[in-house]
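Hey, can you work out the whole structure from these sequences and the hints?
In case you want the letters, here they are:
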Amino acid sequence: MQAEEILYLVAKGDKSAFGQLYAMFKDKVYNTCISYLQQSSEAEEATQDVFVEIYHNAVSYKGGASVSTWIYRITVNKCLDRIRYNNRQKRFSFITSIFSKDTGELRHDKPHFEHPGVGAKNRERAGLLFSAIRQLPENQQTAFILKQVEGLSQREIAQIMDIGEKAVESLLQRAKSNLRKKLSDYYNSSEGL
Amino acid sequence: MKQKDENRWVEDVLNSMEGVEKARPAEDLYGKIERRIAVPLTKGHTISLTTFSAATASIVLLIVLNMMALTGNSRKHDNGRQDEVSSVARYYDITNESEGPGI
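Protein sequence lines, in the order shown, are assigned to chains A and B. Residue numbering for the first sequence is 788 to 980, as defined by the numbering used here. Residue numbering for the second sequence is 83 to 185, as defined by the numbering used here.
In short, the hints are calculated from the structure, not lab data.
The following label-pair restraints were derived from C-beta to C-beta distances: (1) B:Asn-97 to A:Gln-789: 31 to 39 Å; (2) B:Lys-114 to A:Asp-801: 14 to 22 Å; (3) A:Asp-868 to B:Lys-114: 15 to 23 Å.
Just so we're clear, the structure is a prediction, and the values are computed from it rather than from any experiment. Ideal placement from N, C-alpha and C gives every residue a C-beta, glycine not left out.
Below is the structure:
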């Protein structure tokens, strides 16, 4: 059965169809979430949010874009919402840390992230790459994650982000250039240590 | 040479996610999602009509009681002033009957 047909059944409240849809998209959703949020617990919560929204808003799917694009769009939005929320919390924690008697360390800082799919050989490099991705502007982050981690085509990314293919290409170039700069800085600073 | 090493290292890091396996969620995640969708969706904070009526009645009652207390107090205050004036008049014996034309 096609994803569109399954989603149509989900919109009618068919729980088993929802289970099928979950099985089809769970890895894509979770993998995208973990790349953005870089913490398994956060990625699981975001994945829950995505599927709960899919279940409740299946009726609002009007076609046009594919189900995959529609689900990726929900996923990207949920992840960005969480990142914005975490950043607000981090700012608030910074303000409170100024007045606290503690060490002043930021409690909301993320620990070093290891993507579960990365092998031992590339673990350290991938960790550095994710630290650098975290510092990119939102749209560059989205384009880079969907291309490099999810392996989507520029056309699919354009549909998900609702922009032109040329704009995606430009975002990817800027993302790579920014990442190269950040990684070069890290290379030079760690060499001096 | 140093620049070449640096560029190669940067490119290796950039390509470190190539061919990586997809991360998979925990087995129990679907159960958690099922539990969440079983809870009826509420948009915003909703209250029942009974609670809303009770709250409105309480507020109206509170306003009425306050108004009654205020008006009762002012009436009592006015009465008190009248008593005070009459007792002073009695003390100086200046009631209406004793008022002479000469005053």
